[in-house]
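Residue numbers (the working numbering), protein chains in the order written: chain A, 1 to 299; chain B, 300 to 598; chain C, 599 to 1198; chain D, 1199 to 1798.
Since the hints were derived computationally from the structure, they do not count as laboratory data. Only a predicted model underlies this, so the values are computations on that prediction, with no experimental measurement involved. The beta carbon of each residue, even a glycine, is placed where N, CA and C say it ideally should be. Don't take each hint at face value.
A few chain A residues that don't get close to chain D, going by computed Cβ distances all over 12 Å [unchecked claim]:
#1 151
#2 254
#3 283
#4 287
Below, computed lysine-lysine pairings styled on DSS-like, alpha-carbon distance capped at 27 Å [claimed, not checked]:
#5 D:1379 with A:287
#6 A:6 with A:287
#7 A:141 with C:1141
#8 C:1141 with D:1740
#9 B:334 with D:1379
#10 C:603 with C:797
What follows is the residue order along each chain.
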Amino acid sequence: MTTEVKQVKMKDLKALDPRWCTGCGDYTMLVGVRKLMVKDQMQPKDTVYVSGIGCSGRIPHYMNTYGFHTIHGRSVPISTGVALVRPDLNVFVASGDGDSLSIGGNHLLHGISKNIHCVYMMHDNQIYGLTKNQTSPTTRKGLVTATSPGGSIMDPINPIRFALGLGATFVASTAEWLGQHFVDTIEAAKNHKGFSFVHVAQRCPKFNPAAWDFQNSDWINFLDHENGVAGDTKGAPDAKVVKHDPSDLEGAFSHSENVPNVFGIFYQKEKASYDDLMRQAVENTPKKDPSKLLDGFAL
Amino acid sequence: MTTEVKQVKMKDLKALDPRWCTGCGDYTMLVGVRKLMVKDQMQPKDTVYVSGIGCSGRIPHYMNTYGFHTIHGRSVPISTGVALVRPDLNVFVASGDGDSLSIGGNHLLHGISKNIHCVYMMHDNQIYGLTKNQTSPTTRKGLVTATSPGGSIMDPINPIRFALGLGATFVASTAEWLGQHFVDTIEAAKNHKGFSFVHVAQRCPKFNPAAWDFQNSDWINFLDHENGVAGDTKGAPDAKVVKHDPSDLEGAFSHSENVPNVFGIFYQKEKASYDDLMRQAVENTPKKDPSKLLDGFAL
Amino acid sequence: MATQKEIMRFELIMDAGNGAQKAGDILIKAFAKSGRFVFIEPLIPAEISPPKRTPHSMSGAVIRVSTNELSNMGSTSDLMLFEHEILLERRLKDSDYTIGGLVLLDMADERRAKDAYAAVIEEAKSVGLKVISFNMDDESVAIIKELNGNGKNMYYLGMMAAIYEMPEEYVAGLIRQVFKKLSEEKLNKNLTIYANGYKNALEVCPETFDIPKTEKSMTDSILLDGNTSLAMGIIDAGIRFYAGYPITPASSIMHSLSKAFPAYGGMVHQAEDEISAVGAMIGSYYAGVPAVTATSGPGLSLKQEFIGLANSAEIPSIIINVQRGGPSTGLPTRTEQTDLFASVFGTHGESPKVAISVSNVEDCFYVPHVARYITEKLRAPVIILSDYITSVSYKVLEKLPLLELDDINDISDDILARFNIKRLPDTIEMVKDNQANPGVPDKMRRVTGLNTDASGNVVYSSESNQRSHDIRNEKLEVVRRALTSPEIIGAPTGDLLLVCWGSSRGVVEEAINLANQEGIKVSALNFKIVYPLPTMLSEIFKKFKKVVTIEVAFGKENKPTEFSTLLRSETLVDIGLGLAQATGRPLKPKSVLARIKDLV
Amino acid sequence: MATQKEIMRFELIMDAGNGAQKAGDILIKAFAKSGRFVFIEPLIPAEISPPKRTPHSMSGAVIRVSTNELSNMGSTSDLMLFEHEILLERRLKDSDYTIGGLVLLDMADERRAKDAYAAVIEEAKSVGLKVISFNMDDESVAIIKELNGNGKNMYYLGMMAAIYEMPEEYVAGLIRQVFKKLSEEKLNKNLTIYANGYKNALEVCPETFDIPKTEKSMTDSILLDGNTSLAMGIIDAGIRFYAGYPITPASSIMHSLSKAFPAYGGMVHQAEDEISAVGAMIGSYYAGVPAVTATSGPGLSLKQEFIGLANSAEIPSIIINVQRGGPSTGLPTRTEQTDLFASVFGTHGESPKVAISVSNVEDCFYVPHVARYITEKLRAPVIILSDYITSVSYKVLEKLPLLELDDINDISDDILARFNIKRLPDTIEMVKDNQANPGVPDKMRRVTGLNTDASGNVVYSSESNQRSHDIRNEKLEVVRRALTSPEIIGAPTGDLLLVCWGSSRGVVEEAINLANQEGIKVSALNFKIVYPLPTMLSEIFKKFKKVVTIEVAFGKENKPTEFSTLLRSETLVDIGLGLAQATGRPLKPKSVLARIKDLV
Ligand SMILES: Cc1ncc(C[n+]2csc(CCOP(=O)(O)OP(=O)(O)O)c2C)c(N)n1
Ligand SMILES: Cc1ncc(C[n+]2csc(CCOP(=O)(O)OP(=O)(O)O)c2C)c(N)n1
Ligand code: SF4
Ligand code: SF4
Ligand SMILES: [Mg+2]
Ligand SMILES: [Mg+2]
């Protein structure tokens, strides 16, 4: 039996109308992911978009795929369950900087270290958007927020280095306003088997407009390589482009020093995902007759 | 007014009799920390020993200091509260490998990244002891446990690399059976201002006797440096000793490749702790008259 | 020609981000400073600034003004100003309007939505509203364009000021104060728009209103919302550490404290999550510094395990839960009273604790004192239950006397009486007898979540476990015995008793007054401390033919609300369903009145 | 000379790590295989192998043997064998002995603790126990030394086998089976020790016992504990995904499944914590694969937020909570029934769910089927409540019929009836109407914890929120209407009704039998589904003069237990305190009997 596969078009991917602020980078990400789905003809029915809570967390409502808008910081546990039992599905995860690195840190840690197969996009606007302007783990030192009226006192967490420290198998950074680079990066992430950690610089004009200077590009450094993603010199004409082989871990660690000003694939390696290993273990177990389930307990 | 300071002796530090299994490395750690307290004449009344749940978590009951045996994975939140409001206290934290890196991962992540002032000892027996033999995040691949009857399928988390990825300011590893090295390391950790992350190889003869080959030492590599801790060639005669400057971050990352076979200080740098910054911020704020608290809300 | 009205409710509804809240704030100040009582409920979307001209972008302020003191938002709005037709359509759905009331509708968008405008106006008329449409003058439109679309709110503010007969220059002065950071040029533009709105209103609006001033002196009055009040109360109660994680509607407590606390030697710690926040709070209290954490539903769920530890280890601890619509993420910017059982019984195991609710802004200020008193006496957790509507609504009130509490024993009997509780006994038995703070020599205290004997040693024997349960429960009995009767509103006997707690109090009180005016006799019983319950309830209930609860909680036949379940079990009185509506909107005095009529 | 006894309880108490459990297991097998019913409670320290010769190292097996079927552990032990005096002293504290019972005390350690031995023996005698002291023979002592201290348990096993008149060779055969992996040499050493113990017992023990064999055929019988039964039930119920985090006493469900599940196509996921475990379970069910998670108290507290999400998003989900002593970390290896409210009401907001308790090992096997049936019909969470004593105690029972459930509608009425529930209606209204699983074309389902309308769109309007509450609560009403009467043990009318649930059932049943034998008439009502409650309770209660609850929970005057609170609220009947003991030890039929006598 063959199921007829429908051609996926941009308009098929629309669901509810988004409710983000004007100019929010989440719009661009939504469109970017849709573009990838059209480009690679990913079937909406086979795609699950999982998210936590935050402005970013609303994305599943706006994307006409399967979707699970979960609770704050807990997108990875749900994704893990889905990935373990349904290898046929594409799992996209949307999570904010607070959702990822504050309340959700432990799950992200384990998602990365277990190498659960999914594309994880960390929407990094360096602020809590939905709860209105509180300091997040990636907020830059000195920024005045509702919870840091005297300016944030902490050095932000470096999400790339965090992922590298956990033995991540795919670590990349991109910016939503760099349309081409974003789609290329998400595509590479999607093609990777395992946990693809993608840090995405995301604009929040409402609460943190100065986080990303999207009108200039002289601060951007692209990591460029034939096995990576090409630097987007059209989107960012003044950016520097450096060669970096994604298989070079120490190089990746060294480049990560300049995060968040570096975009590209820092590191990629092949490694079986936890979900694959788990399924293999089940498959390799000789099966027993369910009608004799209790026979082993006979006196 | 001067308070008379009593001389601290080993016997003053005894509380309840320990209830660990014979040969458990937790005994050695308990004695090691007591030795340090005697050596440096740390006052029991000014010391708080905080722990999570696990065999390791019992340590506060056995140490005649202040103590808080908290809940599973949550020693850092309690320690944070104590450290923030009571800079006069020494805070020791005891946490197992599961307590630290499984359920407690998010708090450890934030303890490290916020650089909360305390000495954090991760008792690494590579197994869940107290709940009887389940796989932990540091369990070696292939080990048969109650939850991995076919052998653990995962690569263990590298705790040193994890800490380095988070910008830790003090990262060390030692083994409890190396008495001198252990005490030296904990002493260096204690003298560090900020979050001192100390990975401790800990024997669990009950459930994971093969984890640490404490009878041989040819597998051990000491990181040795005048600003670090000297290799313990008496305790580990066949160990290799390599020079490593704890201020060299890339070197630390590179040495961490061979964890858990490397003991010594991987990395140390000076950086204000979150609790210091917070207290300074409060202290630097001009004080207001509490009897005029509501005056600003007058119509 | 001004109609004189002692009480009125109106609203200003705009797209989010267009400044309705700001305009509302200035109006409130104007009313309050000029001697009227006000009560305001902000309407906030759960998103930040959803696209304009959608139902989701509805944002604004509902404002109630009166010559006399106000205890709640009232029932319906008599006058409503809408930026465009979509918001009017959305707001009609909530049925919060007075039949015969006035709708002022800006027609600026009519060009692009002619039919929609017509349809909505028709609908509004059909439900009995008078619709007055208006257009901004050209000058204002031009200035707003110059200001990148900002400034419309000043126009509406001008209209409102005119309609409520505020002296034009008086409100302009307030605008100047509020916008003191604006450049002279921008400020003037805003003032021009305001003046144009003022002028226009008098032309389009057939009626203006005059709300007489109170005779009370308002010189010492303050304007305060529930969460700010709580934050200030925390400072006054001698608490010096706050640990929290942002969550609507609790976050603003943290925002206020982040600004104010350091000047009084207090510290605000933003933890990585709610678990860590409650843990740090317990750590601080363990180390001897009074501490508090605040959260809302989802955060409460996360804190449960740690609350149990505080109970077992006997560490004082205060947890504020500002209830919002549930379950799960639910309705973050809507009100409910459905976390009672989760607060009191949510922790696994037998883990007795005290829950105190607040009925108004004044309670918010004093509840930290009482919570601190009880938790330090008992060394058991105290939960403070507020709710969305209490947390966000502003009120004019007399300046509150401060306590500047240091030693909890200095708390005044008056403040305890406000929460219907007497002073607790000097000594209360503890599971563990040594309770010194770190730093004290020779008293090294070690605490744990495991069961222990009196010396703190871990034991699992039958008798020691039963002993611990006994002692922890006896602590609650001590509180129970100290509880005086909850406040009775109205006569102590009669046909119908309405039982309420939290924010329902004000609404119920007003409904009873309305009923009395119609000659219907009904009383109410309002609880502050909702767990444990006082001992005299059966006595009170027996004096009424019918007892029902009035809550913003879910209940139906066969399923009493949570509070009702407790009361029924305690008294075996057949407490009925008064109102148990969980629509996310606060209760209305008129709905309660209607229900009273059903029941008597 | 053998005394014939139809029922007897004895225990073997050693230092942890010395093999008491192993010896106990062999004994049970011997009894069961030879045609006796057995019920066994392991005594486990909360630590792993605490230092020997301390009270904390007490480990062992309490074994009850009978000619007839057994439903519980009984009251007291008639015979107890102790490795040394410290354990005897510790165990005396629990008062679990039969007055006039026998104590066998190994005197090996007397040399180092002469006075202590004398004192403890004195104490045992003073409470009415007969103390028989013994010493191992020199050969055994020598072999044990060779075995590095191991093997003592074989000696005691030998003694027990002799005292209970087991044929020596028969038990030796079982030893050979159990130790089949040992080298021939070691095995023989163990057998020699065993034989020496056997011989010695006959010399030191004045009395032996003969428990007559049952007339029932035991050929198809199985030996099963509660948690293994649950694990097997999960497989038979067609569940194919387990996510958990280790916690005593739930872990052994995970251990059993880790071994057994893959052979039936199931997967066990050890998550990083309980939050992640319940999340993965929900993720699996969302993706279409029936799933379950199991935990104990502290883990339940952590799962609350996610349980609320499952409820709101309408994802079926099954959460097993094996109750242990609380609050907080409490008593991990002791029993309690104090998580009822945390299970049913612990989630913030109005979050209705179903709670099913298990009364015995058979229930454990079938409860996953019923939970799956209900949760998939309702798309609301179902909590399974077991408890420590049910989870660890072993029992001989007839081989259970399998269901091999695939489609939930194939569940048999019998199984539903075991839990006092009828088949649910074919269609039950959902908040959201599209409920397809991922992979189905054109039905892309998006779920959320926010409030939605029927199409799944996020809405915050008053009516839609009330609608969601109504529908979720109506699901519980559907269950409530399907509930039949809980099981009545004894006559349906009378003076005294004992209400129980969970593991108390067996104890209560036995107490009622004992009472009947003494001519006292009393009945019991046992609940399986503990929330919601069925509709006919008032009717049932009215037929009794007095109704009380019997639970391993905390209650006292003025403070009904949690279950009692529900019953009181539901029926307005003055349900009294029967027994509400939370000592960590299971209830005793004799204590219940004594209480019955107080009450009638
Ligand atoms: C358990 C819990 N705690 C807190 C919240 C409140 N909350 C919602 S979103 C959010 C953080 C949003 O920041 P981020 O993750 O960076 O996402 P953004 O809105 O910036 O996309 C918080 C704290 C919640 N919903 N649940
Ligand atoms: C919330 C919670 N989950 C689970 C447990 C059960 N538990 C107790 S200790 C432990 C893990 C012990 O392993 P580890 O942290 O490595 O400490 P160790 O015993 O090896 O020292 C677990 C899962 C618990 N007490 N609380
Ligand atoms: S608050 Fe920021 S992140 Fe949220 S929708 Fe608005 S612009 Fe986007
Ligand atoms: S189980 Fe292992 S870690 Fe725990 S006390 Fe025994 S030896 Fe030590
Ligand atoms: Mg963000
Ligand atoms: Mg461990």
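Checked hints:
1. 151: 32 Å, holds
2. 254: Correct as stated: the minimum Cβ-Cβ distance to chain D is 30 Å, above 12 Å.
3. 283: 8 Å, violated
4. 287: 6 Å, violated
5. D:1379 with A:287: 25 Å, holds
6. A:6 with A:287: At roughly 37 Å apart (the allowed maximum being 27 Å), residue 287 of chain A and residue 6 of chain A break the hint.
7. A:141 with C:1141: 63 Å, violated
8. C:1141 with D:1740: 26 Å, holds
9. B:334 with D:1379: Given pair residue 334 of chain B, residue 1379 of chain D is violated - Cα atoms ~44 Å apart, limit 27 Å.
10. C:603 with C:797: 22 Å, holds
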